[in-house]
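**Q** Given the coordinates of chain U, assemble chain Z onto it according to the supplied hints.
Protein chains: 2
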Amino acid sequence: MYYTIKWEDDVVSMLDQRLLPVEEIYRHYTHYTDVAHAITSMVIRGAPAIGIATAMGVALAAANIQAKSLDQMKQELHEACDLFYGTRPTAVNLSWAIKRMKSIISAADNVDSLKEQLAAEARKIHEEDVQVNKKIGENGHQFLKDGDVVMTHCNAGALATGGYGTALGVIRKAVEEGKNLKVYACETRPYLQGARLTAWELMQDNIEVVLITDNMAGHFMKSGEIQRVIVGADRIAANGDTANKIGTYTHSLLAKHHGIPFYVAAPVSTLDVETKKGDDIVIEERSVDEVAYIQGVQIAPEGVIVRNPAFDVTPAENITAIITEKGVVEEPSKKGITHLCS
Amino acid sequence: MYYTIKWEDDVVSMLDQRLLPVEEIYRHYTHYTDVAHAITSMVIRGAPAIGIATAMGVALAAANIQAKSLDQMKQELHEACDLFYGTRPTAVNLSWAIKRMKSIISAADNVDSLKEQLAAEARKIHEEDVQVNKKIGENGHQFLKDGDVVMTHCNAGALATGGYGTALGVIRKAVEEGKNLKVYACETRPYLQGARLTAWELMQDNIEVVLITDNMAGHFMKSGEIQRVIVGADRIAANGDTANKIGTYTHSLLAKHHGIPFYVAAPVSTLDVETKKGDDIVIEERSVDEVAYIQGVQIAPEGVIVRNPAFDVTPAENITAIITEKGVVEEPSKKGITHLCS
Chain U
1 MYYTIKWEDD
11 VVSMLDQRLL
21 PVEEIYRHYT
31 HYTDVAHAIT
41 SMVIRGAPAI
51 GIATAMGVAL
61 AAANIQAKSL
71 DQMKQELHEA
81 CDLFYGTRPT
91 AVNLSWAIKR
101 MKSIISAADN
111 VDSLKEQLAA
121 EARKIHEEDV
131 QVNKKIGENG
141 HQFLKDGDVV
151 MTHCNAGALA
161 TGGYGTALGV
171 IRKAVEEGKN
181 LKVYACETRP
191 YLQGARLTAW
201 ELMQDNIEVV
211 LITDNMAGHF
221 MKSGEIQRVI
231 VGADRIAANG
241 DTANKIGTYT
251 HSLLAKHHGI
261 PFYVAAPVST
271 LDVETKKGDD
281 IVIEERSVDE
291 VAYIQGVQIA
301 PEGVIVRNPA
311 FDVTPAENIT
321 AIITEKGVVE
331 EPSKKGITHL
341 CS
Chain Z
343 MYYTIKWEDD
353 VVSMLDQRLL
363 PVEEIYRHYT
373 HYTDVAHAIT
383 SMVIRGAPAI
393 GIATAMGVAL
403 AAANIQAKSL
413 DQMKQELHEA
423 CDLFYGTRPT
433 AVNLSWAIKR
443 MKSIISAADN
453 VDSLKEQLAA
463 EARKIHEEDV
473 QVNKKIGENG
483 HQFLKDGDVV
493 MTHCNAGALA
503 TGGYGTALGV
513 IRKAVEEGKN
523 LKVYACETRP
533 YLQGARLTAW
543 ELMQDNIEVV
553 LITDNMAGHF
563 MKSGEIQRVI
573 VGADRIAANG
583 DTANKIGTYT
593 HSLLAKHHGI
603 PFYVAAPVST
613 LDVETKKGDD
623 IVIEERSVDE
633 VAYIQGVQIA
643 PEGVIVRNPA
653 FDVTPAENIT
663 AIITEKGVVE
673 EPSKKGITHL
683 CS
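Chains as they are written, first to last, in our numbering: chain U, 1 to 342; chain Z, 343 to 684.
Excised from the complex, chain U in its bound form (with noise of 0.2 Å):
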């Protein structure tokens, strides 16, 4: 069985998502430098793996770093932080998880039990990020009903998280309870997470899965074939607009319009109150090889222009449920979020 991240004596083995499905490599981490490159390169993405990788990151900074003082020690430890802080600027989690690190830097009196404490906080990150996940599933799984196929988005799954997933989460709870449901996984352009990573874990758990391009979604609603999509998030705005990967805005307007429940499944810590609306959300434009190339080869012409968005902004309106491990948010756009964060 495979693992998405694992943290074990000052090494962090992350599974190479960018090889999958071809190839199942594992990377073994002892410097942070090099965790805060695999984010950024992408060997792991998902907004709460992200958010893990990074716990493991700090962690693995302050193994690494050889300070004479307890100060200078935290003082290199906020800057192996904001290191981190500038890896992904779309996922939430990525400063949710820096935060936590840092409350425990601020407390430390002891360099030694700072290092300790640090590993544990990683540790427990991950560990919690998959109780959430299994209570994400829990709450969930209600409103996906046997027999449907259920359209998702991207990889919200194990691979996106600590693992067992939050929107995958969902599905394979409603799974585990008997449940007899198809997926259709759209391949998610550029980077085609839902060709290599969902429909490869979905296989992995013999879950019935069928691969379409993300621009077969409008015809496959209108000609009946889906009943539910549901999907994770990067980054959910206090007034419940949610930045997704790019193309779920358009596969919500779809399901708006087709009458078929549009959900969004996360984790509390992708809530961010302090973003009141998802205008206020940073998209990161990623570079133009990943639409130019796929996996190394050429599929435009040579010095074509590029726009590459990573992610799109769906309002609260197109969303049917937030589901989250402390509850179900239904019609956000009239209820809000905040609530959850109390």
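Where hints are given, some of them may not hold.
Restraint ranges, calculated between C-beta atoms of paired labels, are given here [as the list claims (entries may be wrong)]:
(1) U:Val288 / Z:Gln473: 30 to 40 Å
(2) U:His28 / Z:Met343: 51 to 61 Å
(3) Z:Ser629 / U:Thr338: 46 to 56 Å
(4) U:Asp109 / Z:Gln640: 48 to 58 Å
(5) U:Thr338 / Z:Gly669: 50 to 60 Å
(6) Z:Gly489 / U:Asp280: 21 to 31 Å
(7) Z:Ser629 / U:Asn206: 19 to 29 Å
Output of the computed footprint for chain U on chain Z, the stretches with three or more beta carbons under 8 Å from beta carbons of chain U [to be verified]:
(8) 529-542
(9) 549-555
(10) 630-640
25 Å max Cα-Cα, derived DSS-like pairs, lysine-lysine [unchecked claim]:
(11) Z:Lys524 / Z:Lys477
(12) U:Lys222 / Z:Lys676
(13) U:Lys276 / Z:Lys564
(14) U:Lys256 / Z:Lys598
(15) U:Lys335 / Z:Lys564
(16) Z:Lys668 / Z:Lys619
(17) U:Lys222 / Z:Lys598
(18) Z:Lys564 / U:Lys334
(19) Z:Lys348 / Z:Lys466
(20) U:Lys222 / Z:Lys619
(21) U:Lys277 / Z:Lys564
(22) U:Lys335 / U:Lys277
(23) U:Lys326 / U:Lys135
(24) U:Lys222 / Z:Lys618
Think of the hints as simulated: they come from the structure by calculation, not from any bench. It should be emphasised that the depicted structure is a prediction, and the values quoted were computed from it without experimental measurement. All C-beta atoms in this analysis are idealised placements derived from N, C-alpha and C, irrespective of residue type, glycine included.
**A** This is chain Z only, laid out in the frame that chain U set:
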């Protein structure tokens, strides 16, 4: 300067569009079955170009067939027509071209003159197509305003026709008229006609083009970056419902939601008045490998189940206007399109 297809001295030559934009290689066919195979394997694609290739293929069959009598010649030519009929099921221009060639075959009273007549008819179909496209451009360019960003899907350009293009013909004409336009080309999965062909073709003509993935369309419409959408068509039913490359339906819904005009540019030969409405159009499903592999590179797990409809149907009510060489039908859902065929 490149060309899409050419008939010369009993040789059908075409640019191998499967290799664009990396290589510009021409194929030369001296036997009609190779032309049929070129259509099936997508050396050439695009409804009008398929019609021309079919006509040239039938003319080539007449050059290939060694018949003892006029009757035998006619019978073998009808068999050749049947072969072409099965190459691509959705493009109505294909059966329209066959119909024109068959009426020449039926009227013939001499083997040698039949060969010449078929060759002349194929050349005429080609020349007419270029003129038709230029007329579509003249009729349509009024809808594109100076400074517009115009989104298009797939390739309805010179490469999809005898030359000049339908949707891209309208853009070309607007640019020739001095309008400053920018084109957002959707890459058009799975076959990437937008990335490989539209971007290449527009760059050849120094028309400003920005490549985006299909799932970015909604995001850029919401952000106000797109002012118009124009696409081609593979088959237009009597009520104006339009079959075009998979993803077109989704774009039409997005455009409608965002108040963006959505135009279809196509020759009258694309109108199929015998098909009453979109639901009656047969949608070609293509191979698993087109989705699971990109230019030979595996992007999905071995053995994954795939759906691959090549087209979808855009209802007439999502179309602002249908632009043809015989005139423009605004609000086709109210007016129908059958009067254009009279």
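**Q** Determine for every hint whether it applies to the structure shown.
**A** Hint by hint, here is what the structure shows:
1. U:Val288 / Z:Gln473: 30 to 40 Å: holds, 38 Å
2. U:His28 / Z:Met343: 51 to 61 Å: 55 Å Cβ-Cβ, so the 51 to 61 Å window holds.
3. Z:Ser629 / U:Thr338: 46 to 56 Å: Because 49 Å falls inside the window, the suggested range holds.
4. U:Asp109 / Z:Gln640: 48 to 58 Å: Given a distance of about 54 Å, which is inside 48 to 58 Å, the answer is holds.
5. U:Thr338 / Z:Gly669: 50 to 60 Å: holds, 56 Å
6. Z:Gly489 / U:Asp280: 21 to 31 Å: Roughly 29 Å apart at Cβ, these two residues keep to the hinted range, so it holds.
7. Z:Ser629 / U:Asn206: 19 to 29 Å: With a Cβ separation near 25 Å, Ser629 (chain Z) and Asn206 (chain U) satisfy 19 to 29 Å, so the hint holds.
8. 529-542: With 9 residues in contact (Cβ-Cβ under 8 Å with chain U), the coverage given for the region 529-542 of chain Z holds.
9. 549-555: Check passed, 6 qualifying residues.
10. 630-640: Check passed, 7 qualifying residues.
11. Z:Lys524 / Z:Lys477: OK: Lys524 (chain Z) and Lys477 (chain Z) at ~22 Å, within 25 Å.
12. U:Lys222 / Z:Lys676: Given pair Lys222 (chain U), Lys676 (chain Z) holds - Cα atoms ~22 Å apart, limit 25 Å.
13. U:Lys276 / Z:Lys564: Status holds; Cα separation ~19 Å.
14. U:Lys256 / Z:Lys598: Cα-Cα ~14 Å, so holds.
15. U:Lys335 / Z:Lys564: holds, 24 Å
16. Z:Lys668 / Z:Lys619: Given that 25 Å is the threshold and the Cα spacing comes to 21 Å, the pair holds.
17. U:Lys222 / Z:Lys598: holds, 16 Å
18. Z:Lys564 / U:Lys334: Status holds; Cα separation ~22 Å.
19. Z:Lys348 / Z:Lys466: holds, 12 Å
20. U:Lys222 / Z:Lys619: holds, 15 Å
21. U:Lys277 / Z:Lys564: holds, 15 Å
22. U:Lys335 / U:Lys277: With a Cα-Cα distance of about 14 Å, the restraint between Lys335 (chain U) and Lys277 (chain U) holds, given a limit of 25 Å.
23. U:Lys326 / U:Lys135: holds, 8 Å
24. U:Lys222 / Z:Lys618: holds, 19 Å
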